[in-house]
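S.K.: On the provided structure of chain L, position chain Y as indicated by the hints.
Protein sequences, first through last, are from chains L and Y. All residue numbers for the first sequence refer to this note's numbering, where the first residue is 146 and numbers rise by one. All residue numbers for the second sequence refer to this note's numbering, where the first residue is 23 and numbers rise by one.
Derived from the structure by calculation, the hints contain no laboratory data. The beta-carbon is built from N, C-alpha and C at its ideal position, and this holds for glycine as well. A few of these clues could be false.
Stated by the list, open to error - Taking beta-carbon pairs under 8 angstroms as the criterion, some of the chain L residues facing chain Y (in silico):
{"hint": "1", "residue": "Ser218"}
{"hint": "2", "residue": "Thr410"}
{"hint": "3", "residue": "Gly437"}
Claimed, not checked - Derived coverage of chain L by chain Y (criterion: at least 3 residues anywhere in the stretch with Cβ under 8 angstroms from a Cβ of chain Y; other residues may be distant):
{"hint": "4", "stretch": "384 to 398"}
{"hint": "5", "stretch": "423 to 429"}
What the hints assert, rightly or not - Listing some non-contacts, in silico: residues in chain Y with all C-beta distances to chain L over 10 angstroms:
{"hint": "6", "residue": "Ile30"}
{"hint": "7", "residue": "Val88"}
{"hint": "8", "residue": "Arg100"}
{"hint": "9", "residue": "Ser178"}
{"hint": "10", "residue": "Ala196"}
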Amino acid sequence: MTESAGPPTMTERADTPLPQGLEVARRELAEHDHLPIVFEIGDLSAYYGDFRAVREVTLDVRQHEITALIGPSGCGKTTVLRCLNRMNDLIPGARTEGTLNYHGVPLYGSGIDPVEVRRRIGMVFQKPNPFPKSVYDNVAYGPRLFGIKKRAQLDEVVETSLHKAALWDEVKDRMKDSAMGLSGGQQQRLCIARAIATDPEVVLMDEPCSALDPIATARIEDLMQEIKEEFTIVIVTHNMQQAARVSDATAFFSTEVNPESDRRTGRLVEFDRTETIFSNPSDERTENYITGRFG
Amino acid sequence: MTTEPTPIPLRTAFQAELEQLRLQVELMGVRVDQNLELMREALQSGDEHLMDQAFKSDDEIDAMHVSLLERCYQLLNREAPVASDLRFVVSVVRILSEFERVGDLALRILKLTRQVADLATCGAPWDIALTMVDLAVEQYRTALRAWSAQDLGLASQLADQRPPAEAYHERLLAELRRLRGPDSAAMAMGVYIIGQAADRIADHAAIIGARLRYLITGEPAHLAAEVR
Numbered sequence: 146m147t148e149s150a151g152p153p154t155m156t157e158r159a160d161t162p163l164p165q166g167l168e169v170a171r172r173e174l175a176e177h178d179h180l181p182i183v184f185e186i187g188d189l190s191a192y193y194g195d196f197r198a199v200r201e202v203t204l205d206v207r208q209h210e211i212t213a214l215i216g217p218s219g220c221g222k223t224t225v226l227r228c229l230n231r232m233n234d235l236i237p238g239a240r241t242e243g244t245l246n247y248h249g250v251p252l253y254g255s256g257i258d259p260v261e262v263r264r265r266i267g268m269v270f271q272k273p274n275p276f277p278k279s280v281y282d283n284v285a286y287g288p289r290l291f292g293i294k295k296r297a298q299l300d301e302v303v304e305t306s307l308h309k310a311a312l313w314d315e316v317k318d319r320m321k322d323s324a325m326g327l328s329g330g331q332q333q334r335l336c337i338a339r340a341i342a343t344d345p346e347v348v349l350m351d352e353p354c355s356a357l358d359p360i361a362t363a364r365i366e367d368l369m370q371e372i373k374e375e376f377t378i379v380i381v382t383h384n385m386q387q388a389a390r391v392s393d394a395t396a397f398f399s400t401e402v403n404p405e406s407d408r409r410t411g412r413l414v415e416f417d418r419t420e421t422i423f424s425n426p427s428d429e430r431t432e433n434y435i436t437g438r439f440g
Numbered sequence: 023m024t025t026e027p028t029p030i031p032l033r034t035a036f037q038a039e040l041e042q043l044r045l046q047v048e049l050m051g052v053r054v055d056q057n058l059e060l061m062r063e064a065l066q067s068g069d070e071h072l073m074d075q076a077f078k079s080d081d082e083i084d085a086m087h088v089s090l091l092e093r094c095y096q097l098l099n100r101e102a103p104v105a106s107d108l109r110f111v112v113s114v115v116r117i118l119s120e121f122e123r124v125g126d127l128a129l130r131i132l133k134l135t136r137q138v139a140d141l142a143t144c145g146a147p148w149d150i151a152l153t154m155v156d157l158a159v160e161q162y163r164t165a166l167r168a169w170s171a172q173d174l175g176l177a178s179q180l181a182d183q184r185p186p187a188e189a190y191h192e193r194l195l196a197e198l199r200r201l202r203g204p205d206s207a208a209m210a211m212g213v214y215i216i217g218q219a220a221d222r223i224a225d226h227a228a229i230i231g232a233r234l235r236y237l238i239t240g241e242p243a244h245l246a247a248e249v250r
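Same shape as in the complex, but just chain L:
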C-alpha cells in the first residue's frame, strides 16, 4: 500500500460475498471514495536547505474528512502538515519537490498568494498561542486582516466562530477580558475559533491536544467531529488512540537513517482508512508502531 495514489476501496480488499448487513456497511465505507479530493499529494519531498526532511509522500486528503498523520518523532509529519498551507515558506531554505495540488491547483505554483493560502487553510498549533489581546480581538484578528471593518459584521463573525468552537457559552460575558486568562483547553478552542474565523476550508492541527488535560482533550476531539461537517481537517498526533478515535483516514510515517550523516529522513509507509490501519494494517512497520511493539 506504500505510496499508492490512495487507500484501496473495501471492494478491492475483499471480493468474497458478504451477508446483507455487512454489504451495507461496506458500501458505506466505500462512500469516501467519492468525496472530492482537497489535497492531492504526489511524490512530495520537503527540504530544509540541502537536507531532505521527508521524501516521496503520496496521499489524497478528502473533503469533510479528518486525516491523521502519525509516526515517530522526526518522521516528517509536521513538515508535511506545514507544507499544506505553505507555512514552511517562512523558514529560509525550505522548499518542496513533487506534486502538491489544492483542488487541482499547484499550491506552490507561481502567482499563488501564500497569505490567501493561509486564509483558506488555517492552522492550530501544539501549544495554545492566543495573542495577548482580548478574547474578542483574538477571534476578530483574521477577519480584520482580510478587510472586515464593520463592527456588526465583526461581532457576527466572532460569535459564530466561538459557537463553532464550542466556546461561546464560556466566554460570552468575558469578551473584553484577556485571552491569556482562559484555561489551556479554552485557549486552544479560542485558537480554533481564531483559525475558523477567516472562513477557511481546511484546518490543520499540529498535536492540538498535547498540552491539554484529558477533559480538554475530549472537548477538542468532540469539537473536531462537529466541525468536520463544515471543514476538512488534517491532524498530526502522537496519540494513537486519538488518531483511531477521531480520524477517517490515517497516514503512517517512519524514518530512514543516512549512516554517513546520521540524519533521518521521513517517509510515508502506509496510508489507508483509519479502521484498516488500526485493525489490519498492510505494512508490518505500521503494525509494530501502532501496537507499540517496536519503536
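M.R.: This is chain Y only, laid out in the frame that chain L set:
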C-alpha cells in the same frame, strides 16, 4: 544510501502477557480435550466414575474460563490493544467461550453414562452416534492443534470444510426411525442427544478455526465467514 533504523522492542511485558494468555487458552483447550476423552471412555464402558471425574474437571474448566476472561478484560482496559493484538484478545474471548461450550456438550453426553449399556443394544444408531463422536473429537483436536501452532492452513481447513459429522446426521435419524419395541422412544432420544451433541462439538471446532483464521489474517471477509 539510507537505511531504516533498527527497531527497539517495546512493551515486552505486554507481549509476554499475550504469549502467556495464548498458552493458558491452550491449556484450557487441553483440559476440555481430556474431558472429551473421558466422555469417549464412558461411552465404551459405562463407568460412572468417569462421569464424576469429568464433572469435577468441568468446574475447574469453568473457573479457568472466568479467570482468563477477566485477564482479557484487564488487558483491554489497561493496554488498549490495536490491530493484531486487539484481534488476539477479542479472539481469545470468543475461543474461550467455544471451548467452554464444547466442555458442556461433553457433559451432556456424559450424563447418559448410566444408560450406555441399554443404548448400545440398539445397534446401527449407536454405532453411527459413536462414529459421530469420534469425528467430532477429531475435529476438536484439529482446532486445538491449529490454535496451538497458530496454523492458518488448519484453521482454514476447519472453517471451509463441511463438518464430517454432519453427513451422519441424516443417517442417524433414518436409523432411529426404524427402531421398534417398548423402549425405542427412550433409546432413540438418548442416542439422538449423543449424535446432536457430537454435531455441535464439530460446529464449535469449525467456529474456532474460522475465528483463528480471522485472527491471523484480519480480513473482514473472514470475520463475515465466521458469523455466517
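S.K.: Could you check the structure against the hints above and give me the numbers of any it violates, in ascending order?
M.R.: 1, 6
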